[in-house]
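Participant: Protein sequence lines, in the order shown, are assigned to chains A and B. For reference, each letter of the first sequence is one residue, going 10 to 420 in this note's numbering. For reference, each letter of the second sequence is one residue, going 1324 to 1444 in this note's numbering.
In short, the hints are calculated from the structure, not lab data. Cβ coordinates follow ideal geometry from the N, Cα and C atoms, glycine included. Be careful, since some hints might not be right.
DEER-style ranges, computed between Cβ atoms [unchecked claim]: (1) A/Leu230 <-> B/Val1405: 37 to 45 Å; (2) B/Gly1366 <-> A/Val59: 55 to 63 Å; (3) A/Pro215 <-> B/Gly1366: 52 to 60 Å; (4) A/Arg87 <-> B/Pro1409: 24 to 32 Å; (5) B/Val1405 <-> A/Val59: 23 to 31 Å; (6) A/Arg88 <-> B/Val1365: 34 to 42 Å; (7) B/Glu1435 <-> A/Gly331: 37 to 45 Å; (8) A/Ala330 <-> B/Ala1427: 26 to 34 Å; (9) B/Val1345 <-> A/Leu327: 53 to 61 Å; (10) A/Pro129 <-> B/Val1345: 28 to 36 Å; (11) A/Asp267 <-> B/Pro1409: 55 to 63 Å; (12) B/Ala1427 <-> A/Glu16: 41 to 49 Å.
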Amino acid sequence: MTDASAEAASAVAAAHEREWAFVLAATARVTGDLDAAEDCVQDAYAQALVHWTRGGVPAKPGAWLTTVATRRALELRRRAATAARKLPLLVPDPVDELPYDFPDERLRLVFTCCHPALAPEAQVALTLRLVCGLSTVEVARALLVSETTMQARITRAKKKIAATGIPYRVPSPSELPERLASVLDVVHLVFSSGYTAASGRQLTRPELAERGIQLARMLRLLLPGEREVSGLLALMLLTDARRAARADAAGRLVRLEDQDRSLWDRALIAEAEALVEQSLSAPPAGRYALMAAIAALHDEALTWAATDWPQIVALYDLLLAGWPSPVVALNRAVALSFVDGAAAALAAVDELGADPRLAAYPYLAATRAELLRQLGETDAAAAAYDEALLLTSNEVEAEFLTRRRAALGSP
Amino acid sequence: MGTYLVLIYDDEKRFAETPREVMADMHERHVAFIANNKASIVGGAQLTTSDTATTIRHTEGGATVTDGTFLETKEVLGGYYVIEAPDYDQALALAKQVPSIYGAIEVWPQREPGGDLKIEQ
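I would like the entire structure built from these sequences, with the hints used as guidance.
Facilitator: Structure (structure tokens):
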């Protein structure tokens, strides 16, 4: 590869990551149809590779791509080549003349992809496909499903958008809180699917976690006043800051309490702390703001023992009051074991064991096992580890549980 | 502008044990919904109980007629509205105002008439 083509290729890759959503949203306004816009944008990126190799990378790659994609869109529309589509993903009031300045319409794209009438897994897939510009193959690989399944999932979601008339717009102020919550859940799901891969040999899929953080950064630029956006970004940064310490050299899981805290990314933590403050700047505290505040207390503690556990339990109480969830209740029980002891925590965990939603949740059994071990109930602890092992499908986590079980030294 | 079918499913067996004033209140809420959304409501009706329904199946030997509904579920179709809305969000917002005590509301977009018959250019 020549220098010029290598430079062009890396500039195209960078522009793909940074500009895709902007270019697609702008082009959709010209095509009047999201599917057609996708084709034009893909075409523009292909052309960029050729032109930028020959003529150098333009000063504003995003503007170059938008101009090329929208010109193509206008040309196609004039030729009415897209008129024959049966169920176009309609965009209202397509513009007929190319404007000099394209307004930023990425939010419309985001709110359409994360519409609550779509299945959650479809929202995630569409967001990765349309907002992040991942190919269907990449989305399938990232979410660990087959390409055929993913293709069908995306097609079905697009069909529902077209058939129902899900509007391509930013929701009105009265709808915004509810709709934004659904967008934030999608972004969080993208991040957490990357943070602990549901199955497979690798503990994390950093590329997906990275996409989640990029999405949250984008939302923060577009909706600067929304405190929950700051809360979600902070939560993800605080979690990601521990990435280097989360697995040892052999790729084995290291628990938060055993992690080498000098490996944590202090710059990320500092950035996130400012965001936590912002997210809690006015009442009522949102769900992500509270989760971020809990993560911040962990990241600020110099040692596991020095963690402010009473404060963490108090934050979990607030979280549970507003958003009851058995998973959050389980985390609270863990924190409680450092305030009121293992026996009190075990009682709380056993109470949760009756919840059918946690029946197949490996962390419940794993938490019981740890508490039983602390209480010296070795046999019961071993049985709980066995149960957790049956339920987890992540190999790195399974290896960790096996090690813990072996350390009991009996049955 | 789209047309949407709003289906009201409810547990009709429980209606028998429901206090009369609760039933009357639900009726009032339907009346209010209709009055408040006259411009958007194209049609609709309350249906008689599901034990009066009949299922017809086309088989090789002709149409077989059987007593009862096609699906055996606790919640059965009790009524419907046909509404018009500029987009799906507004259709959903309208449908959220439709009362249902024990069941759920479904919103189905109607296919554009002749959508399949368009000739490709």
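Participant: Compare the structure with each hint and give your call.
Facilitator: Now the hints, each set against the structure:
no. : hint                               : in the structure
1   : A/Leu230 <-> B/Val1405: 37 to 45 Å : holds, 42 Å
2   : B/Gly1366 <-> A/Val59: 55 to 63 Å  : holds, 57 Å
3   : A/Pro215 <-> B/Gly1366: 52 to 60 Å : holds, 54 Å
4   : A/Arg87 <-> B/Pro1409: 24 to 32 Å  : holds, 27 Å
5   : B/Val1405 <-> A/Val59: 23 to 31 Å  : violated, 53 Å
6   : A/Arg88 <-> B/Val1365: 34 to 42 Å  : holds, 37 Å
7   : B/Glu1435 <-> A/Gly331: 37 to 45 Å : holds, 43 Å
8   : A/Ala330 <-> B/Ala1427: 26 to 34 Å : holds, 28 Å
9   : B/Val1345 <-> A/Leu327: 53 to 61 Å : violated, 35 Å
10  : A/Pro129 <-> B/Val1345: 28 to 36 Å : holds, 34 Å
11  : A/Asp267 <-> B/Pro1409: 55 to 63 Å : holds, 57 Å
12  : B/Ala1427 <-> A/Glu16: 41 to 49 Å  : violated, 57 Å
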